[in-house]
Each structure stands twice: as structure tokens, then as C-alpha cells.
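Undergrad: For the record, the sequence lines run as chains H and P. Just so we're aligned: the first sequence equals residues 2 to 144 in this note's numbering. Just so we're aligned: the second sequence equals residues 915 to 1025 in this note's numbering.
Be aware that a few hints might be false.
[To be verified] Covered stretches of chain H, as calculated for chain P (at least 3 residues, CB under 8 Å):
| # | region |
| --- | --- |
| 1 | 3-11 |
| 2 | 14-25 |
| 3 | 126-140 |
Don't read these hints as lab results, they were simulated from the structure. A quick note: this is a predicted structure, and the numbers were derived from the prediction, not measured. Note that beta-carbon positions come from the ideal geometry of N, C-alpha and C, so glycine has one too.
In case you want the letters, here they are:
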Amino acid sequence: MGILDVMKIGASGLTAERARMEAVSSNLANVHTTRTDEGGPYRKKDIVFIPTDVSGDGSFGSMLNEKFEGVKVDEVVESDKPFQQTYDPSHPDADANGYVTYPNVNVMEEMGDMIAATRAYEANVNVVNSAKDMFLKTLDIGK
Amino acid sequence: MDTLSLLEKALNVRAYYHKVLASNIANVETPGYAEKTIDYNAEIERPGNDVRNIEVKEKEEPDGSNALDHNTVSMEEQMVKLTENNMMFDAFVQLIGKKFSMLKYVINEGR
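Excised from the complex, chain H in its bound form (with noise of 0.2 Å):
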């Protein structure tokens, strides 16, 4: 586990972060969205995250970090939390009974999620600035 490798458990959190914060902006984006090519109003995007092995080249030094791992998105799922239903007759989209389907975001929610994206986000660029410092430490040993 060399402090390059922390530099690419850094970078996979960074890039992990960045598509949490995608499906946020566009989660709000959408959040008036009534009408989707399959139908129905526009549902919540969440992003699920799994651990993944950042070293992968098989060698002793890789099999023996196994236990230090970086992230990467597992895939994009569908909120199928209910749908908010408000009355407004005067829209296209309303129902019989003059209710509109709106999608299942919760702005607060998002957010929510949004600034811990953002905090996540930082942490992560501090662990890689840090491992830098440390690294450019080293060079003056010796000095």
C-alpha cells in the first residue's frame, strides 16, 4: 500500500461523489417532471455505491491491501417511494378527479444530499492532498 495507492482510493471516492451529485442535480431538475418516455411522472434516481479493489494488477503487494478498498457506483436504482398528488385541474397531466401526479422528489431531501455529496466531495480531495503532502515530506528527508 504505497501513498499512491491512497491517492487512487481518493480519486475513486472523488469520481463516486461526482455521480452521487449527478443524480441530485438531476433529481431536482425533474422534480415538476410529469411526463417520462415509459410513462408516468419522473421518479427519483438513487446511486448505490459498492467497494471495488483500485490497485488490480494482481500482484503479493495488491493481494495484501485487500482490505483497504476504493468505491464505485453499482448502479443507478428507481425511488419507488409513492408519487406526491396535488390538485390542479388546470393541468394537462391532471386526472379525472383534478389531481396531478407529480414525482416522488423531496427537495428538502435532495438537498440534504446534496451538501453531504459536497462534504464527501472535500473529504475526499483532503485524503489526496494530504497523501501528496506526505509524499513531497518525504523527498526532504536527508536535506
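Given chain H, work out where chain P should sit, using these hints.
TA: Chain P only, in chain H's frame:
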């Protein structure tokens, strides 16, 4: 291979890799662009010191977010690789400096 020519070659390959990474980052929004990379260890073991012989590989499979426009570049990964490359370059430059200061020490008869 003596230390200096080995380090020279390593610096050449690192400098070339920097160009590859820079072009990946420049093309992060180019639709259909395939991420380019080189195998550093294989290049070091290849005989000769000509950067024109460096084999550039393309990553065909997108791993997620940029998949819509068939762009296979991951910006974060490229930035971290660029930092890593930069760090290693600095380390090699410092090693060359040490080598020369040892030569100087000998030339000055240990004074």
C-alpha cells in the same frame, strides 16, 4: 544502465505522460473522446530512449457518468494521476540533484 540515464528516461516518460493527461483533461467535454493512457512500467523497461516509441492506449469502456456522449474520461481520476505524475517527476529531479552533488563531492576531493 547507469543511474543518470535511467533517471533521464524516467523523466522523459513522465513528461510525455503529462502531455497525455493534459490532453485527456482538455477533452473532458468532447463527445466520443476515448481516454488515453500509457503503461509506465512497460515504457521504462522498453530499450531505447525515444518518446516517439511510447505506446498510447485508449480506454474504450466508459465507467459511468460521462457515458451518455461516449466520452470515457474521468476528470477526478485524471487530476489525481496528474498530481501523482507531478510528484514522481519532482522526486526524480531531486534524485538527479543528489547524484550530481555526489559527483561534485568526489570532484572536490571530499571537501
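Undergrad: Decide, hint by hint, whether the structure agrees.
TA: For each hint, the structure was consulted:
{"no.": "1", "hint": "3-11", "result": "holds (count 4)"}
{"no.": "2", "hint": "14-25", "result": "holds (count 5)"}
{"no.": "3", "hint": "126-140", "result": "holds (count 5)"}
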